[in-house]
Structure formats: C-alpha cells, structure tokens
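Asks: Sequence:
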Amino acid sequence: MQLHGKASRVTIYIGEDNRHQGKPLYTALLELLRKEGAAGATVTRGLAGFGAHSRIRTATLVTLSADLPLRVEWVDQPEVVERLLPAVRAL
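Residues in the sequence shown are numbered from 1 upward in steps of one, following the numbering used here.
Keep in mind the hints are simulated off the structure, nothing from the lab. Hints are supplied without guarantee of correctness; some may be wrong.
Said to hold, decoys possible - Distance windows between CB atoms, simulated:
hint, residue 1, residue 2, range
1, 9, 35, 33 to 39 Å
2, 85, 27, 33 to 39 Å
3, 67, 40, 22 to 28 Å
4, 35, 8, 18 to 24 Å
Unchecked claim - Okay, derived cross-link-like pairs now, DSBU-like style, lysine-lysine, Cα gap no bigger than 35 Å in a straight line:
hint, residue 1, residue 2
5, 35, 6
6, 35, 23
7, 23, 6
As the structure is a computational prediction, the values presented were derived from the model and not from experiment. Think of the CB as a built atom: it goes at the ideal place given N, C-alpha and C, for glycine as much as any other residue.
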C-alpha cells in the first residue's frame, strides 16, 4: 500500500528474546500489522544496546549475545495508526 499525504511512524523497541504466545514478538507484530492492512513495517536488529537492566548486549563473536535489541518501525496513515495501536500495545 502506498502512502499519500500525512504519515505517522511508530517505533517499538524490544529484545530479540521477547515472545508472544510462543513466537518471537517481532513476528507477532509483523503478522498483526500485515493482517490488518498496515502500509509497511520493518524490523532492524541492533549490533549492540542496553535496556532497563543496563546490561550491554553485543553481536561480537567473542561475546555473542542472545536478546539483542530490535527496532520495529511501522509507517502508516495517522488514522490507521490510531486504529491499530491498541492491538499493538496488547501484544
């Protein structure tokens, strides 16, 4: 779906190990957005990062970590974002 006019971007930060009903949370998010007709979404895996516990996670070979940071970006028309945001938050 192509966007025309104004667009909103939603950025969601999660860990690679976050799950929803046994599957990776990023997969659940993408499946929900696609099923609901969202314009587009992308998952980006971070090389390094830290979160609430201040533990640095990296993707180096020496310290190959699980639970690397992921960023899910979703771009859509503002009214579509408003409609789908409650379902996204529920995940």
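Asks: For every hint, state whether the structure bears it out.
Replies: Do the hints match the structure? See the list:
Separated by about 20 Å at the C-beta atoms, residue 9 and residue 35 break the suggested range of 33 to 39 Å. At roughly 19 Å, the beta carbons of residue 85 and residue 27 sit outside the given window of 33 to 39 Å. Between residue 67 and residue 40 the CB atoms are about 26 Å apart, so this pair conforms to the stated range of 22 to 28 Å. At roughly 19 Å, the beta carbons of residue 35 and residue 8 sit within the given window of 18 to 24 Å.
Taking the CA atoms of residue 35 and residue 6, the gap is about 22 Å. The hint holds against a cut of 35 Å. A hinted pair counts as satisfied when its Cα atoms are at most 35 Å apart, and residue 35 with residue 23 qualifies at roughly 16 Å. For the given pair, residue 23 sits about 33 Å from residue 6 by alpha-carbon distance, which is consistent with the 35 Å threshold.
Of the numbered hints listed earlier, those contradicted by the structure are 1 and 2.
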